[in-house]
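Undergrad: Sequence:
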Amino acid sequence: THLAVAVALEQRQHSNVIFAVVPDLLDHLRATFDPANGIAYDERFATIKGIPLLVLDDLGTENTTPWAREKLYQIFNHRYNERLPTNVTSNRDHNELDERIVSRLLDRHLTRDVQIDAEDFRRRGRPDYVQGRGRPRRGR
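Counted from 1, the sequence shown has number 527 at position 61 by my numbering; the numbering is strictly sequential.
Keep in mind that the hints are not guaranteed to be accurate.
Here are the simulated distance ranges between beta carbons [claimed, not checked]:
1. A584 / P501: 39 to 47 Å
2. A497 / A584: 33 to 41 Å
3. A472 / D500: 32 to 40 Å
4. A502 / P551: 29 to 37 Å
5. A502 / D573: 21 to 29 Å
6. A502 / E585: 42 to 50 Å
7. P501 / D559: 38 to 46 Å
8. Q581 / G504: 37 to 45 Å
9. A506 / Q581: 15 to 23 Å
10. F511 / H575: 34 to 42 Å
11. E585 / E476: 20 to 28 Å
What the hints contain is simulated information worked out from the structure, not anything from laboratory work. Quantities reported herein were computed from a predicted structural model and do not represent experimental measurements. Backbone N, C-alpha and C define an ideal beta-carbon position, used for all residues, glycine too.
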């Protein structure tokens, strides 16, 4: 995640970028079904699919409803066909993800799969780190 954010921040200086945690991205799409939201579903979905760089964090942590699987497939398939750069982070093995998405992520002609086997960046030098809260615990 830390490296993906760095890539997004650097690229943002040159073009439009969307960085999103996958479950949050799906929530933003669902929110467009509410007429009071102010943005149409088609508009938001087209923006996500066509943004010059899409950075998706935590693929595989989303609630895998049929709707969520289909929307993610449509995003990945469109970006794959249009050869748009997509940076993805996940703690899941490939066999735990939708095979239709994995086939786009692992196309050796268009993608690079980088496995990072390192200590969690958030825990380095921080013994007071509280798992899941993302910040140090305050002393009493």
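Undergrad: None of the hints should be skipped; say for each whether it holds.
TA: Okay, the hints, checked on the actual structure:
no.: 1; hint: A584 / P501: 39 to 47 Å; in the structure: holds (46 Å)
no.: 2; hint: A497 / A584: 33 to 41 Å; in the structure: holds (35 Å)
no.: 3; hint: A472 / D500: 32 to 40 Å; in the structure: holds (34 Å)
no.: 4; hint: A502 / P551: 29 to 37 Å; in the structure: holds (34 Å)
no.: 5; hint: A502 / D573: 21 to 29 Å; in the structure: violated (40 Å)
no.: 6; hint: A502 / E585: 42 to 50 Å; in the structure: holds (45 Å)
no.: 7; hint: P501 / D559: 38 to 46 Å; in the structure: holds (40 Å)
no.: 8; hint: Q581 / G504: 37 to 45 Å; in the structure: holds (41 Å)
no.: 9; hint: A506 / Q581: 15 to 23 Å; in the structure: violated (39 Å)
no.: 10; hint: F511 / H575: 34 to 42 Å; in the structure: violated (27 Å)
no.: 11; hint: E585 / E476: 20 to 28 Å; in the structure: holds (24 Å)
Going through the hint list in order, the structure does not satisfy hints 5, 9 and 10.
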